[in-house]
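Colleague: Listed here are the chains, written in short residue letters.
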Amino acid sequence: MTLPRQTLRSAAYDLADALDVNEFYQHKGWTDGLPIMPPTEDHIVECLQAVGLAPGDIVGVEWVRQRPITAEKVAINAVMAGCLPGYMPVIVAILRAMCQEPFNMHGSTVSTGGSAPFIVVNGPIRTAIGMNATHNVLANGNRANATIGRAIRLVLINVLGCIPGQLDRSTLGHPGKYAFCIAEDEEDSPWTPLAQERGVPAGMSGITVMAGESPRQLLNEWTHDPEEILETFAAEMRHNMLTYSVWAGNYALLIPKQLRELIVAAGWHKHDIREYIYRAARVLRGDWATVGKANIVHRRGGPNQEFTALRSPDDLLVVAAGGPAGGFGVVIPPWLGSKAQAITQAIEVHTT
Amino acid sequence: MSIRVFDPTAEDAAATRIGAVRLPSLEGRTIGLLDNSKFHVRELLDHVEEILRTQYGVAEVLRWRKPDASRPAPPAVLADMQRCEAMISAVGD
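Read top to bottom, the protein sequences are chains C and V. Just so it is clear: in the first sequence, position 218 is 218 by the working numbering, and no numbers are missing. In the working numbering, each number is its position in the second sequence, counted from 1, plus 1000.
Isolated chain C (complex conformation) (with noise of 0.2 Å):
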C-alpha cells in the first residue's frame, strides 16, 4: 500500500527488531507493563487516515494542566496497545469526551482513589469493527475492546503523565486500569442503546465514558420479580455507598440476557429501572455503624440523615451486556461521586 507521505514530529528510533523495540519501550517507561507493538511510521500513518486527522491536529486538551493531546501521539499510542485503524473513530471520540471539563480527567486518573475510565460503544461502528458485548465481556478475548482500552491507557502514561508513583497517585488501582471498554448487545436487547438514550442520534454510533471504580459483581436466580432482581443490584450499590464512597452521581449497571429477560418479559424500559433504582439506592448515615464506621454517624446531618446513590434517576447508566447464562450483573460505582461526570460523544466516522 502507498501511503501519501505525512510528516510525523515525534523523536525516531532505530532498532533492530520488534523484539528490540519493545524492551526499549519497556525500559523507557513507555508501556503499561505488557508488551508493545512497534509503532511504525506505516502504521501510525493508516491510523491518522482512518480518522482523518494530520499529525499535529489536537484531539483534546486536557484542561487543567493545559496538556494537547496530538492525532500523532493517540496514534503511536492505538499502534503500539495492537490497534488496528478502524479502531481510531472510537479512540478520538473516547478522549474528546473525556477532556470535557466535567469528566474531570486531570482529578479522576491521578487520584488515590484508583479510578479507570469506563467506556460503553454503541452504534454500528461495534459490529463493524467486530467489538464484543456478550461473553466474558468485561475481560479478555476480544481485540477491539482489549486494545481501544489499553490504547487509552497509553495516552494516559505516555501523554499526559499518569505514571504511577508520579502523576497516577493510586493507591490500589483496578484490573479497569489495563482496558475498560466494552459494547452493548443492542442486537439481543429491545432497550434503547445507551447512547442514544444520551443524545447521539439513531442510526449513529457513540461512546460513553465514566470514571468507574471496580465492578461489584450480583447474583439472582431466584427470582422472576423486576423488583427483586433491581434490590438486587440496590443492595450492591447501597454496599458501595456505605463501604467505599457514599458521593451520589453515575453508576453503570451492566444487566446480562438471563437477568434482561425476565426484567424485559416484565414490561420494563431502561427508564423503569432507573426510576426504581433511585427509590431503592439509599442509606442512612446510621447504617454506617454497621460497616465499622461508627465513628461518623453522629456527624452533620446525624444518624437519619439519608443519602441517595443517584442525584436523579438519569445518573444511572443501564447497558445490555454479558454473555447469555447466569443470572449475574454488575455495579460499576464512580469515582468519587459526582466530581467525574459520564460523557457522552458522537462517534465521527470518516470517509476517504
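Subject to a maximum C-alpha distance of 30 Å in a straight line, what follows is the list of computed BS3-like cross-link-like pairs (lysine-lysine):
1. C:LYS293 - V:LYS1038
2. C:LYS293 - V:LYS1066
3. V:LYS1066 - V:LYS1038
Rather than coming from a laboratory, the hints here were simulated on the basis of the structure.
Knowing the structure of chain C, use the given hints to seat chain V on it.
Modeller: Quick look at chain V alone, frame taken from chain C:
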C-alpha cells in the same frame, strides 16, 4: 535492516513550560499556603506556617483555600496569589 519507531510521549511538554524563578532565601519574604480543603490540611498548614516563621524568618504567610481538592483553584484565588512571592500547595488527606 532495522525498524524505525516513534516516541509516544509528550516530548515537548516540559520544554514549553518555564519554571518560576527560585528564591535564594525565604528570609523576609511573603509566602502563600494553599489549602486543598481535605481533612487535617489546616493542622498541617498551621504547622508549616509556624516552621516558616520561626525557622526560616518568613515575613508574612498568606493562606488560601480551594473548595475542591480534585479541581484547580478558582480564578479569583489564583489572581489573589500574585500578592505572595512563593507558594506551597499542600495535599492534606
